[in-house]
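Asker: One letter stands for each residue in the lines below.
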Amino acid sequence: MNGEGAPAGFRARVRMYRHGLGDCLLVTLPRHDASPYFILIDCGVILGTANAANVMQGVLEDVLQTTGGKVDLLVATHEHWDHLSGFIQAPEAFARLAADAVWLAWTEDPDDELAQKLTVERHQHLDNLRLSSARMRLAGDEQGADVVGTLLEFFGAASGGTTNDALEAVRGKRDDPRYCKPGDPPMLLDAVGARLYVLGPPRDEALIKKTLPSTKAPETYGIAAEGFAAEVVPYLAGEVADSPFSSLYAIPNQVAQELDFLKHYWSDDASWRGIDDAWLGAAADLAMQLDSATNNTSLVIAIELADGDVLLFAADAQVGNWLSWQDLSWTIDDRTVTGPDLLKRTILYKVGHHGSHNATLRAKGLELMDGLRLAMIPVFHDMAVKKHWGNMPLPGLVDALSEKVQGAVLRSDEDAPLIPGVKVTANPLYFEVEL
Amino acid sequence: MPKPPARRLKVYAYDPSIGTHLETLGINEAVLNVRWEEELAPGPVGEYLEVIDVDPVSQCCYAPVDLNHPHLLVRDGLRPSEANPQFHQQMVYATAMTTIEHFERALGRVALWAPRETQGPDGKRVDEFVQRLRIYPHALRTANSFYSPERKALLLGYFTASETDSDDVLPGGLVFCALSHDIVAHETTHALLDGLHRRFREPTNPDVLAFHEAFADVVALFQHFTMPEALRQAIAATRGDLRQENLLAQLAVEFGHAEGYYGALRDAIGHTAADNTWVPAIPTPKDYGSATEPHTHGSVLVAAVFDAFLQIYRFRTTDLVRLATGGTGVLPPGNLPVDLVERMAAEASKAAAHVLAICIRALDYCPPVDITFGEYLRALITADRDLVPDDQRAYRVAFIAAFRARGIYPSEVKSLAQDSLVWEPPPLRLTNVRNVLKQLNVDWDLDSDRRRAYEESLANARTMHRWLMNPAEVSDEELTALGLRRIAQTEPVTVDGIEGDLHPIEVHSVRPARRVAPDGRIQADLVVEITQTFWPKGGGHVRSGCTLLIDLKRAEARYFVRKRADSADRIAKLQGFALETTDQLPATYFMNADRRAEPFALIHREARQKHVAAGDDVPATRVAANDGSPR
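These protein sequence lines map, in sequence, to chains A and B.
Under numbering that gives the first Met the number 0, think of the first position of the first sequence as 0, with each following residue one higher.
Under numbering that gives the first Met the number 0, think of the first position of the second sequence as 0, with each following residue one higher.
Treat the hints with care, as some may be off.
Stated by the list, open to error - Okay, derived cross-link-like pairs now, DSSO-like style, lysine-lysine, Cα gap no bigger than 27 angstroms in a straight line:
1. K536(B) / K403(A)
2. K363(A) / K69(A)
3. K343(A) / K403(A)
4. K437(B) / K552(B)
5. K403(A) / K413(B)
6. K180(A) / K116(A)
7. K123(B) / K536(B)
8. K572(B) / K536(B)
9. K69(A) / K180(A)
10. K172(A) / K69(A)
11. K116(A) / K172(A)
12. K343(A) / K536(B)
13. K343(A) / K422(A)
14. K343(A) / K180(A)
15. K363(A) / K572(B)
16. K572(B) / K413(B)
17. K123(B) / K386(A)
18. K536(B) / K363(A)
19. K123(B) / K385(A)
20. K343(A) / K363(A)
21. K285(B) / K572(B)
Hints in this document: simulated from the structure, not taken from any laboratory.
Given these sequences and hints, build the entire structure.
Answerer: Next comes the structure, spelled out in structure tokens:
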């Protein structure tokens with residue numbers, strides 16, 4: 000499967016940086032004249048990574064050095080910190096990187112009505128969730144506040160730069176960014192002989208909000224949002240809600256904490272039964288749903304090499320995004336290319352969402368990938384554990400992938416396995432496979 | 000001086016938001032006879048419950064009511080009032096205690112809450128005894144109320160009625176879940192059921208969560224009907240005309256309003272048409288199979304039990320009407336004599352109490368995991384036949400007919416005759432069961448100290464486990480016949496071609512069940528629940544196991560309720576269902592499930608969403624409408 004006969008001696012190189020929990024991928028495709036065509040897909044690391052600015056600086060310096068300061072295509076897949084942070088954490092290095100083209104998902108298009116609706120809704124939820132997290136901390140519920148807080152961190156820190164800022168930095172590279180839609184005709188790279196297909200995100204709100212394989216509960220997002228709106232939002236504002244009873248009966252909390260009967264309620268050994276934060280319960284549900292729905296706005300790109308083999312970059316696409324590829328179809332010259340067809344011809348798969356359970360579909364995903372030879376998972380399990388995401392990556396999924404590709408799974412947080420017939424460059428900064 | 004048998008406490012017979020009609024003004028007060036608790040402290044805090052009235056959103060607390068205050072003792076507690084939080088405390092206490100008493104009477108032993116699950120220093124699970132269920136009457140400012148398994152507490156909400164709620168509610172007025180008898184009884188039932196069957200929270204088939212909801216509805220509904228005050232008005236208004244007993248059904252549907260299951264119960268029982276006539280729902284055998292959501296699915300079970308109740312009520316009152324009409328059975332026009340109304344209300348309330356007891360008693364005859372409605376029917380029939388072998392009043396016939404009419408059939412039975420529905424004994428006799436019974440302490444009854452009962456049941460489970468693991472006591476053949484495999488620790492096995500890890504046998508519950516039959520016989524059994532879990536390589540886990548009922552006197556296993564997971568088909572089905580229904584996001588984002596998951600909060604939220612989605616004329620909040628109330 001190496002590219003003998005091609006002028007450069009290879010068909011494609013895929014470099015996955017090993018900088019932490021986050022995505023940064025550099026794809027090199029040889030032109031017919033052997034000069035490289037570079038695609039940089041995302042550049043971010045999860046909030047809370049030590050020395051993140053230095054780390055991202057190092058990654059971008061390597062990109063600059065490898066590409067000579069210019070990529071042909073810069074792709075920002077979706078508005079999450081672990082995919083975008085580098086663009087503002089290492090502003091000086093990023094400023095030195097030129098891009099001939101910038102691609103974003105249609106969900107970031109300021110002129111698209113549905114995109115704007117989703118964005119406004121998302122930002123409204125985010126504001127309220129930040130308030131909820133603060134209220135939980137106030138109520139002494141550190142755990143709950145952390146749960147919501149860590150999910151919010153996908154959207155950047157409360158101060159000092161958000162994902163929105165990072166997205167603007169990418170957008171600022173060109174005055175003509177392309178907002179990709181799944182129906183668009185694939186882009187033929189003439190000088191390379193490869194085609195770039197856009198698979199997602201789907202232009203369907205319901206599919207974007209569909210984050211679970213379940214057929215029975217497709218409206219989980221809606222339920223979480225409704226619960227949040229009814230139970231939490233009205234009481235987030237600063238002042239205390241009026242008690243429903245006459246002040247004759249009400250005892251302010253400060254006084255109650257000194258009363259014999261009620262003292263027990265606030266004691267440490269009874270704290271597990273406390274309800275001070277119970278009314279905020281819907282916040283965690285919504286935070287998860289919102290996070291997943293944002294993952295579902297991932298720009299998914301399939302690179303079809305000249306010989307028909309496909310490299311699939313799924314970003315963090317979740318169930319709804321995956322399902323939508325089933326119905327895609329393009330007519331190229333006189334042949335028809337469909338979504339499932341591209342999956343069948345996929346030889347390299349950048350695993351979705353750091354290997355979590357709902358970012359790789361089984362029946363309508365992995366099982367269709369008959370030609371799969373390699374899987375790359377950008378993940379940093381120890382960091383995920385610190386964030387309490389113990390199943391990232393999901394062991395069952397890693398096993399299934401491993402079985403499918405006979406062990407050819409590259410995890411950025413582990414040593415590279417030996418892969419027969421594939422040249423793997425491994426160093427602490429990145430893995431690069433050459434096909 | 001002897002203790003008084005009961006403490007009389009006033010409650011609202013109907014949710015006050017539906018009780019403000021002039022017509023019903025006089026009847027909205029009922030008195031519950033609650034077991035006398037000598038040590039009842041302000042709160043109220045008693046042996047089983049502690050009512051703690053903190054209101055986090057308002058950042059205040061409400062002073063606890065002291066039901067032992069002489070002024071309250073002499074006048075049956077506080078008068079019903081929406082404006083007095085201390086009455087709210089009294090009402091939740093009285094209602095929840097009544098539910099507990101129904102459980103204890105039916106099961107013949109003191110009730111226990113589910114223990115608190117914590118981790119010991121070695122990372123292993125440690126269960127802690129929880130003496131009291133907490134009730135927070137004003138926990139949330141929302142139309143949601145739920146039982147929190149994590150906190151062992153009921154969290155009740157209150158909310159502002161919206162303009163559209165109905166003409167019965169003051170727009171902008173407050174509606175309190177704590178003042179709804181049905182909501183408090185429903186949530187208390189969740190807690191009691193969880194104390195009995197913790198694995199019924201694991202959704203392994205569409206019936207499991209639906210059962211939790213439906214059972215809580217059944218208890219709330221029939222506990223409500225045991226209050227004659229709640230029925231008298233309805234019976235007077237129907238003039239006892241049995242062809243119009245739909246008023247009871249209307250009451251049931253109205254109850255659905257309160258529970259937020261409006262659409263579901265309306266479809267399952269009937270509804271009031273635009274011209275104010277009652278249109279009963281006609282059951283079809285497709286009802287059970289075609290309902291897919293937990294609440295619509297559950298409402299089929301509620302409707303079946305309700306149908307059985309109506310038949311029983313009809314059977315019990317036909318003679319009264321004949322007596323009152325000189326044998327014609329045709330009532331004259333005009334109001335019914337008060338005496339007749341009283342007698343008929345008493346019959347309805349008695350029938351409700353019987354149905355309630357039958358439904359609760361069946362819990363000791365259920366499989367330990369993965370319950371289906373069909374199995375619940377078998378449990379009902381077996382339990383009732385044990386107690387009342389001679390079914391003169393045709394209760395069991397009524398149940399079977401009602402379940403059959405809705406397509407609820409147990410799999411694996413050849414006919415719906417009573418004899419084939421009754422559970423069978425294990426295929427092989429457990430020869431040495433007498434030996435283990437001798438080592439067990441089985442005096443857990445209605446007078447037991449609850450902490451001791453809890454500790455003894457743990458000790459009994461350990462003894463039972465040792466016995467099962469001893470080949471000299473239980474032969475391999477006997478164990479295999481129970482569907483279990485004797486292994487000392489987790490080991491890799493292949494079940495019907497599927498690789499995975501099998502965990503050792505777990506003895507879940509060992510509890511005595513004592514009942515006094517109407518004929519005075521005492522039936523004493525030991526209920527033993529045993530499970531074993533298989534973790535297939537493909538993910539998830541699959542539980543199998545059995546419930547055994549062992550006759551304590553004759554030392555013989557009488558019934559055997561088995562759940563299998565020994566075929567590839569079945570394993571794939573269980574795995575697939577778990578994948579389809581469980582929200583696995585928390586599994587990705589929260590290690591060790593360290594988040595306070597509130598499963599019942601979510602189900603109730605989903606139910607509400609359904610109404611909105613279905614375009615029902617019901618607002619997103621809990622409703623207190625009243626389209627068919629007694630007027």
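Asker: Take the hints in turn and mark each one as holding or not.
Answerer: Hints, one by one, checked against the model:
{"no.": "1", "hint": "K536(B) / K403(A)", "result": "holds, 15 angstroms"}
{"no.": "2", "hint": "K363(A) / K69(A)", "result": "violated, 37 angstroms"}
{"no.": "3", "hint": "K343(A) / K403(A)", "result": "holds, 13 angstroms"}
{"no.": "4", "hint": "K437(B) / K552(B)", "result": "holds, 11 angstroms"}
{"no.": "5", "hint": "K403(A) / K413(B)", "result": "violated, 46 angstroms"}
{"no.": "6", "hint": "K180(A) / K116(A)", "result": "holds, 17 angstroms"}
{"no.": "7", "hint": "K123(B) / K536(B)", "result": "holds, 23 angstroms"}
{"no.": "8", "hint": "K572(B) / K536(B)", "result": "holds, 15 angstroms"}
{"no.": "9", "hint": "K69(A) / K180(A)", "result": "holds, 25 angstroms"}
{"no.": "10", "hint": "K172(A) / K69(A)", "result": "holds, 12 angstroms"}
{"no.": "11", "hint": "K116(A) / K172(A)", "result": "holds, 25 angstroms"}
{"no.": "12", "hint": "K343(A) / K536(B)", "result": "holds, 25 angstroms"}
{"no.": "13", "hint": "K343(A) / K422(A)", "result": "holds, 23 angstroms"}
{"no.": "14", "hint": "K343(A) / K180(A)", "result": "holds, 22 angstroms"}
{"no.": "15", "hint": "K363(A) / K572(B)", "result": "holds, 19 angstroms"}
{"no.": "16", "hint": "K572(B) / K413(B)", "result": "holds, 23 angstroms"}
{"no.": "17", "hint": "K123(B) / K386(A)", "result": "holds, 23 angstroms"}
{"no.": "18", "hint": "K536(B) / K363(A)", "result": "holds, 20 angstroms"}
{"no.": "19", "hint": "K123(B) / K385(A)", "result": "holds, 21 angstroms"}
{"no.": "20", "hint": "K343(A) / K363(A)", "result": "holds, 10 angstroms"}
{"no.": "21", "hint": "K285(B) / K572(B)", "result": "holds, 22 angstroms"}
When the structure is compared with the earlier hints, violations turn up for hints 2 and 5 and for no others.
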